[in-house]
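Participant: The primary structure of each chain is shown beneath.
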Amino acid sequence: MAASSEPNSREDIFDSSLNLEETHLKEGYNEGYADGLVSGEEEGRQVGLKTGFEVGEELGFYRGCIDVWNSAIRVDSNCFSSRVVRSIKQMEELLNKYPISNPEDESVSDVMDSLRLKFRAICAILNVKLEYNGYPKSSDGGNIQF
Amino acid sequence: MSLVDESFELKELQVLEGHADRVWSVAWKPATGFDGVPAVLASCSGDKTVRVWEQSPSSGSFQCKAVLEETHTRTVRSCAWSPSGKLLATASFDATTAVWEHVGDDYECVSTLEGHENEVKSISWNASGSLLATCGRDKSVWIWEVLPGNEFECVSVLQGHTQDVKMVQWHPNMDILFSCSYDNTIKVWAEDGDDDWHCVQTLAEANNGHTSTVWALSFNATGDKMATCSDDLTLKIWGSDLLTIQSGNGSAPWKHICTLSGYHDRTIFSVHWSREGIIASGAADDAIRLFAEDGDG
Chain A
1 MAASSEPNSR
11 EDIFDSSLNL
21 EETHLKEGYN
31 EGYADGLVSG
41 EEEGRQVGLK
51 TGFEVGEELG
61 FYRGCIDVWN
71 SAIRVDSNCF
81 SSRVVRSIKQ
91 MEELLNKYPI
101 SNPEDESVSD
111 VMDSLRLKFR
121 AICAILNVKL
131 EYNGYPKSSD
141 GGNIQF
Chain B
1 MSLVDESFEL
11 KELQVLEGHA
21 DRVWSVAWKP
31 ATGFDGVPAV
41 LASCSGDKTV
51 RVWEQSPSSG
61 SFQCKAVLEE
71 THTRTVRSCA
81 WSPSGKLLAT
91 ASFDATTAVW
101 EHVGDDYECV
111 STLEGHENEV
121 KSISWNASGS
131 LLATCGRDKS
141 VWIWEVLPGN
151 EFECVSVLQG
161 HTQDVKMVQW
171 HPNMDILFSC
181 SYDNTIKVWA
191 EDGDDDWHCV
201 QTLAEANNGH
211 TSTVWALSFN
221 ATGDKMATCS
231 DDLTLKIWGS
241 DLLTIQSGNG
251 SAPWKHICTL
261 SGYHDRTIFS
271 VHWSREGIIA
281 SGAADDAIRL
291 FAEDGDG
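Residue numbers (full-length UniProt numbering), protein chains in the order written: chain A, 1 to 146; chain B, 1 to 297.
By construction, these hints were calculated from the structure, which means they are not laboratory data. Note that the structure is a prediction, hence the values are computed from the model and not measured. Each hint can be trusted.
Here are the computed lysine to aspartate or glutamate pairs in the EDC-like style, where the Cα-Cα straight-line distance is at most 16 Å: (1) Lys86/B x Asp105/B; (2) Lys97/A x Glu58/A; (3) Lys86/B x Asp106/B; (4) Lys86/B x Glu108/B; (5) Lys129/A x Glu114/B; (6) Lys255/B x Asp241/B; (7) Lys255/B x Glu205/B; (8) Lys97/A x Asp110/A; (9) Lys129/A x Glu117/B; (10) Lys86/B x Glu101/B; (11) Lys89/A x Asp196/B; (12) Lys89/A x Asp195/B; (13) Lys65/B x Glu17/B; (14) Lys65/B x Glu54/B; (15) Lys89/A x Asp194/B.
Sequences are here, hints too, so could you generate the full structure?
Facilitator: The structure is reproduced here in structure tokens:
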């Protein structure tokens, strides 16, 4: 009786040491996953904040320019050519169309590209060099820097 | 007269010296060179100047009549006369396009077009001289309207090419703009009423297009065929239905007609279709070749 229980307990010992490796692996994975969830969410929040700030700053800049231009037009309706007035109106429509509350809307990059183009064209006609630090250039491949 | 049957030979008439750096481009002034009006030629160079040469009626040799300098701060890459010959537009690596007018004996810079972010590569006037197009390394194509008093107003900034745009050319009779680029494609731009320009066709590799940078394009006299040349060592001929183009409604799609390969073994940088139907190509293999269409096309 004692002899027959020995192989069983020997097998149990082997089993648990085999399981030990598996258990450790599983434990490590779960720990890593849990840590990753937390740090990933934190990083995501940081990226979201940064991107949101950049987009907001650029849109705000355009809003400001359009407001100044519209004020000028109100003071003197002939200060700009009809083409410029039309372009400013088109730019304003684009700005209003930008889906601020829905960042996952696919049209965000298209609307932003169109806005930048319209802005460049208006600046060219008005012969002004309006820029701010974060203004991306198409030749740089879109590196926004602060 | 079948051009193919004649034997043509290019004979060098004169070497014009004066520029201090490579000459990038030349342009004949319209309405000169016949009926007693001496031929006039403009050349632009890496020495930041543009020179205007005139042929002497008596000796037949060309002399430098004017040097347009102290305006561009970098290489002048290309120049183009307006259809009336009154204005000369020059595109420079300094990101500006200057417009010059012949005043008395000299040329005066009457306008500077700014807007491109970097090197401007090419300029083209439309057939009526009311529009000017520019393109550059910033991948964009700009269209400007010519207003009274030599004023220029930007009509549109066109993005679409994914690389450096090498050349822009207006169609010889319609206000349709063509551009070719380092991205291997040729794009066709048309207006949808009221300054709304957009790309109506792209001729890419999939449409039997070029497999490398397209450097230049040129139209035949009637405007229903176009020749393009490329770094892929070929010249391609494209055609479109003339009547559809002229009717203005609906797009007149351009189709590949044939490819001329095996004639140059280096990049073909330049191509031009003469009024008489001869296509001339210039390549990095130091050769200029002349092509003519035989009866079968």
